[in-house]
Amino acid sequence: MSLLKLLVRILAFTGKEVVETMRRPGAIVSLIVGPFLILLAFGLSYNGVHRVLNAVIVVPPGSGLPTDPGSYRAFQTQGVQVTQVMSDEGAARAELDSGKADMVIVAPEDPKTTLAQGRQATIRVEYSVVDPIRAANADYLARQVSDEVNRQVIKQAAAQGETQGAANGVAGANAIPPDVLAQPTVAETANLSPTQPNLISYFGPAAIALILQHIAVTLIALALVRERSRGRPEIFRLSPTGTAEIVAGKIIAFLILGSIVASLLVASLLLAFHVPILSSFALVALVLFLLLLASLAFGTAIAAVSDSERQAVQLALLMLLTSVFFSGFVLSIDEFQELGQGIAAVLPVTHGVRLLQDLMLRGVFSTGDAVALAVIAAVLFVPSVVLLRRSLVEA
Amino acid sequence: MDENSGIALDAVSRRFGDQTVVDRISLALDPGLILGIIGPSGAGKTTTIRLLTGALAPSEGTVRVLGEDPRRYRRRTRERLGYMPQQFSLYEDLTTVENVDFVASMFGMLAPRRRRRIPEILKLIDLWPARSRQAGKLSGGMQRRLQLACALVHDPLLVFLDEPTAGIDPLLRERIWAELHRRREAGRTLVVTTQYVTEAEECDVVALIDEGHLVALGRPEELRRTALGGEVVEIETAAPVPLSALVEREDVIDGGRVGPNRYRLVVEDAAEAIPAIVDGLTASGAEVSATREERVSFEEVFSLLVRRSRGQPSDPGTPETESDAEAAA
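Residue numbers (the working numbering), protein chains in the order written: chain A, 1 to 395; chain B, 1 to 329.
Hints should not be assumed to be uniformly reliable.
[Said to hold, decoys possible] Residues from chain B shown here face chain A by an in silico Cβ test under 7 angstroms; the list is partial:
#1 ARG75
#2 GLU79
#3 PRO85
#4 GLN86
#5 GLN87
#6 MET106
[What the hints assert, rightly or not] Counterexamples of contact, computed for chain A against chain B with all Cβ distances above 10 angstroms:
#7 VAL49
#8 LEU96
#9 ILE123
#10 GLY169
#11 ALA171
#12 ILE200
#13 SER259
[What the hints assert, rightly or not] Label pairs and their calculated CB-CB ranges:
#14 GLY136/B / PHE42/A: 35 to 45 angstroms
#15 VAL29/A / GLU201/B: 22 to 32 angstroms
#16 VAL386/A / GLN195/B: 37 to 47 angstroms
Calculated directly from the structure, the hints in this document are not laboratory data.
Note that beta-carbon positions come from the ideal geometry of N, C-alpha and C, so glycine has one too.
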């Protein structure tokens, strides 16, 4: 009988939370439609391809290099489009300063003579980019341009040498084509991953993990802090319902609501974006459950240390920001020092992203990450409930 | 008092900073009674209730409720308590029925009992027609009734009600008090605060609190006697009689003239004194045209007690002195 009463008390909070959440149209929008729209906008708008950089080539008079932009079409495949060829370096830099050009490539004054003298000619590539990622890309492209120029020079020299050798009767002077001499090897790549996901497929599961974590953290933190700010602890403390039962009831409610949202998001990935699930649906469901549970534990901890709804919202947003930076959602965790990797390890979304991407795109289940989610939930719930007892039941 | 089933406050004080809100209050209540905690706004009524619920710890003194320290109520004890706070603290997005159902479930009531009990309590306090309306859309008075329903739905042994009738119309107040009396008859104990001093008559024991002090404690009639010094009777004669003929009688405690031939007397026992006074006046040749026992309103009683407690002069409505009457004549 007492077990039945315990169940009734817990389910009182479950039912109340579900009904209250469903009665707020704004909450429904932000819970289900909001995340879906975010995912849709992300999928439709992000192509992950770097913009082609506009380059101006400075060809000094007498260098012997072509002055027609069409002659440099080969660079375009490297992510660089030659828009102008000019002889005045100052005018080219003005184009760069005005933003009309992304890159200025200054060709050597007399590359043939320099080469004939046994020295390296210098191709100077200048760009003006603040964004470090774009700057790295520009630097990479500049080197690609340099390599391409080198290939062209070697090809021309080889062709010239072969022609002269043949004219002088050298046997086998043109045995190796100039193209091969200029580029003796070509790379042949093969990705052995079971799937070659596009950007939506790759980031979709990660976006779901991040959205679910944020929803779970925010909902339970606000629900618990709201009880306190509306003076309900006075009623709770005179009822037989304990803090653990209150928290348990709310967790069940938000697990139910979170599962509905998760199902809709996963279904949208599968049906609208054709993201595969190479593992079983049951394992995906288990991971989503563990992710929600660990996130709810985090939300409970936030409620335990927040003294107002505003503070709870601020902490939930801080957690979202931390997750965006450290979870591997945008930046790879391997690129962080130990401190960053430690922060990543305590975030539910880090393990959720890895688990979901592995399950859906590689068909692999990482037990370590699943255990980590369970440990996060267990470690956070106990002290949070103890702290909440003081504010939620013991006035 | 039965220590394990009643309420006892022993020299309880509660301070907030340097402000003393409850000052050395001692009182005891047997089970099966209605204790009315009455006093003006800011007197310390709600603080006293919160001390009894355990929401506040006393700065000094001890509080025992059902034999326990309210700060450490056991689960079993909490199952037997009901509480209606002064502020609306239910769920605005839930309907009337859902709110009551939630509270009933929180007290572990199983579904069959809830299905039976919820319509019963909502009909009793006239909220059944608004059962499907969200609590946030109810009027202030309806919200208070909803809180009352939530406090009573699990039929608690001991209920704390902080101003349950505030903002409720007189007819419904009558019904609410009738329900509280019915519970009292069923052996339940009720602690009720109210600003309506007239509701003191509905209580078995009244604690009058003013500025944190317990001004008076007792049954309503006892308070009336305490305030006035006895019972009040009014005598009207056909022609004026000397006031001394009345106030010098052994069974008259005090008295005054309230009209040319109307006298207000304080006596030990009105039922015995009135025939004796009539006989006395008739024997002395005076003709008594009317007599009646005057039930002084509780507003007047409390006004007297509070003024006395604060050391202020008596209420001008008390029986006037002979010299005043003669001067008026």
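- prompt: Tell me, which hint numbers fail for this structure?
  reply: 4 and 15
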